[in-house]
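Colleague: Residues per chain, in single letters:
2 protein chains.
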Amino acid sequence: MPFFWVSIHKDILMKKIYYPYDEFRDDLKTLTQKIDVEFDAILAVARGGLSMAQMLGEFYNIREVYAINTIGYEETQKLETLKVFNIPHLATSSNILIVDDIVDSGDTLKAVLSTLKSRYPDKFFYTASLFYKPTAIIKPDWYVKIADDWIEFFWSEDLR
Amino acid sequence: MPFFWVSIHKDILMKKIYYPYDEFRDDLKTLTQKIDVEFDAILAVARGGLSMAQMLGEFYNIREVYAINTIGYEETQKLETLKVFNIPHLATSSNILIVDDIVDSGDTLKAVLSTLKSRYPDKFFYTASLFYKPTAIIKPDWYVKIADDWIEFFWSEDLR
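For the protein sequence lines, the chains are A and B, in the order given. Residue numbering for the first sequence follows the numbering used here, starting at 27 and increasing by one per position. Residue numbering for the second sequence follows the numbering used here, starting at 27 and increasing by one per position.
Calculated directly from the structure, the hints in this document are not laboratory data. Backbone N, C-alpha and C fix where the C-beta goes; we use that ideal spot for every residue, glycine too. Some clues are possibly wrong.
Chain A stretches covered by chain B per the calculated footprint, using a threshold of three residues with CB under 8 Å from any CB of chain B [stated by the list, open to error]: (1) 51-60; (2) 64-73; (3) 77-85; (4) 106-118; (5) 171-184.
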């Protein structure tokens, strides 16, 4: 896989790796082989989980494919508050798979999950991602790869 | 492009054409070259428009990427009613681009557009799709290709 170095902070260099569609497709296939529960709705964390949600919806023949949004507010220099909005109507679903491309700090997934659990205390939520960083504050139920590098997903790069 | 024939009704044969990711990417690039208005939010008609919305959001650097759902109820043998739900909160946006993969009968796009216009009468809505059938009851503001055939999108096929 081609890569080059990118400067994250002034003293830190991270490997920057392009993640092409073909690898995404193969990893998503792997993810479906790992997921060992039944679910009846898929919820994408926008924007990262949208393409995954579409393909998984087709694969599992689930039309209940929803999206949820988050926005971060910088409250102080160090503290960021996450607002979760556009919470979908889940009346017809009991078991919901939440998907995102990468669980990095884990802040987003944790905020989404706790918002959904408090809105829908009687439903079951599962979480899946392509990438996971072991330093995250939450671990998805299923993931495909550990993220050591800076990943440039095809959806960010291919239209440039 | 490889294709084979598929029987739609007992007397109708349609060409069935596989639509790979690379063609999607190129067509989406073409779509961005056609769209000649400014917009500040992207709304995917789920499931068809989800991957498009993610890539366009990245391309235009728009984080306001939302989804909307529709479901069809068969009321009589001939009449189908479309329910539009999970209408996103659009308070921070004025010009919204609605995207879907294909405008076929046009029923979905028309229902989505009229629901949104009645909920948000002061906002501007634009519509874009990859494929458009000239027999549809609504024509998107921008599209890339005329659909003559039965299109098997990569997101429906590639995980099988």
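Colleague: Decide, hint by hint, whether the structure agrees.
Modeller: Comparing the hints with the structure gives:
no. : hint    : in the structure
1   : 51-60   : holds (count 4)
2   : 64-73   : holds (count 3)
3   : 77-85   : holds (count 8)
4   : 106-118 : holds (count 4)
5   : 171-184 : holds (count 3)
In terms of the numbered hints stated before, the structure departs from none.
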